[in-house]
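Going line by line, the protein sequences match chains D and L.
With positions in the first sequence counted from 1, the corresponding number in this note's numbering is that position plus 1102.
With positions in the second sequence counted from 1, the corresponding number in this note's numbering is that position plus 107.
Source of the hints: derived by calculation from the structure; they are not laboratory data.
Derived BS3-like pairs: lysine-lysine, alpha-carbon spacing no greater than 25 Å straight-line:
#1 D:K1138 to D:K1461
#2 D:K1461 to L:K161
#3 D:K1195 to D:K1526
#4 D:K1526 to D:K1138
#5 D:K1461 to D:K1195
#6 L:K161 to D:K1393
Not close to chain L: a few residues of chain D, all C-beta gaps over 12 Å, as computed:
#7 R1121
#8 L1134
#9 A1155
#10 A1215
#11 L1216
#12 N1267
#13 F1283
#14 T1435
Here are some of the chain D residues that sit facing chain L, going by a computed Cβ distance under 8 Å:
#15 F1407
#16 F1410
#17 L1411
#18 W1414
#19 N1417
Glycine included, each C-beta is placed from N, C-alpha and C at the ideal position.
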Amino acid sequence: MASQHEQHGEHVSAHSSPRVLPASLDAPDVLLAWRKRALIVAVVFALLTLPFASVSGGLGHILRAYLMGYMTCFNFAGGALVLLMLQYVTGGKWGLLLRRPLEAMTRTLPLVALMFVPILVPQIGGYLYQWVRYPDAASTNQAYADHLISHEQALTANFKRPMLNPHAMIVEYCIIYAVLFTLMFLLNRWSLERDADPMRGALASYDRWRARFENLSGPGILIYVILMTMGAIVWIKSLDVTWYSSIWGLQFLVAQGYAVLALGILSVILLSRYQPMKTLLRTTEQHDLGKFLFAFVMLNIYLCFAEFLIIWSGNLPDEIPWYLNRIHGGWWTICTLDFACHWLIPFCLLLSRDLKRSKNRMIWITCFMIFARLVDMFWLIEPNFSDSAGNLHLAGNIGMLAYITVPVTLLALWVAYYITQLTKRPLVSTNDPHLEEILEPEHAH
Amino acid sequence: MTPREGIYGLLAEFNTPTELVRATEQAHQSGYRRMECYTPYPVEEAAVALRFHKTRVPLVCLMGGIMGMTTAFLMETWITVWSYPMNIAGRPLFSWPAFIIPAYEWTILFAGLSAAFGMLALNGLPQLYHPLFNAPNFRDGASTDKFFLCLEAEDPRFSILETRAFLEKFAPVSVVEVEL
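Could you put the whole structure together from the sequences, leaning on the hints where they help?
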């Protein structure tokens, strides 16, 4: 089938407009203006955050919102790493289009690692995590005796102590980022070496590099998923020490794919207003990327609903509080909003073929999906705190707005750094057989 | 204009899809509308040249999906709430989370079946007789290595002599009259 398509591509190229690779493959200069805008947004929202530090409960909300911002940035940087490895093992033209943006996202990992450093400080971590506040059995039992935590919280905190304690947190942090940095370093370095290969353009070179990337990416995906599961459990799910679920790692992984693919498509479409992406992005591949995004929308709701249905069916007293905290006390609104933004709206819109092939509409839908990730992150984080049930109002609780300003600050900073990384390399890898296919005239109009 | 007695259309045979697409494009520009391309494998450009953009299959598929979802959901509601109410672990009779999975499966089942049967219905299949099979070169080549353009006699622009002359401009392997 594929060979037939290639054949008839050749036939038709005779009377279609010829497509040539632009002379310069460097990122357009307009990126610098975009970076400046991102930095302005970061500064403005950082300034807007300052007043919240002085209101009652404001500092707490800033810390919670900071964790949310960090997790969203990790969502992009880590997700980009796994999607980059995924496109090496699956192959395909979509991968070639996204490769350089994804590489740029992975190179933001050092910034993301740096963002977590404040949370490693025991005073800040102690505010967020019960197991940092009471780091040993004696202090946990004392907190229970003082009615600061429930019996179950005390028992599970003591039971999970080997994984959840301040020292383990630092060790886990170091292991996770050491491995992610290694993967990031190798993938990014080889990508440049691949383009500089003296044998480039020859079949032997294609095969050698393909095999090399595949051999790293296959095991890399497995290692990444294990480490990311550990990180995602320690960093957000352990906010509620009594929580158990075995689907969470996969759920967070799919959510990463969801957001990273949305951001990748958004980047490529915005870049396609200028050369060289203008020549490289065809409607066919944009349509394929849209279909892939649709698959992530489905997989995401599938896993989220599967977890909910299993816990709802079991109806066990030690499992359901996690959901009850996220449904009662006004949280039903956020829960419904999360469902509508995360699945219902993207699903209905992405069903349309015309929408997936339209650049402007895809820009809107991908932005909306990134917003949906933030709603979801808010729904995951805030209800962990005992005061959250009465928290969903602004009167006397203006610090709640930190959930908007702080994540936006961190994300804008991250985006600025991502754009910096994007400008450092040509926007497409040239030593790849798919490049030739992308330059063929479009099949369908 | 009524179809000419005895003739379905003129069938031009080409060796390459490029020639077929060019002839189809020209035919469209000359005002022909009742025409069809026949190729051994899907040629997107031929569909473009025919201005064959949209079909109603996606709509049929969507309607089928919605019908499957509502049918399953209402059926489960009816069974558990009215027809055979049963207390299961103290849950409310209308326990909608449990209804989602069968409703989802029926959505897929109905959407899939309506896409398949809707496609057949809109295609006019199954069709036991088609005049094109009267042309021997069509029988031999259409599913192997030949590319055909048929300008149908129902088209107001159609005239045996002029249309034949028009098709012969593209240097086809042959142009044959297809009997009804």
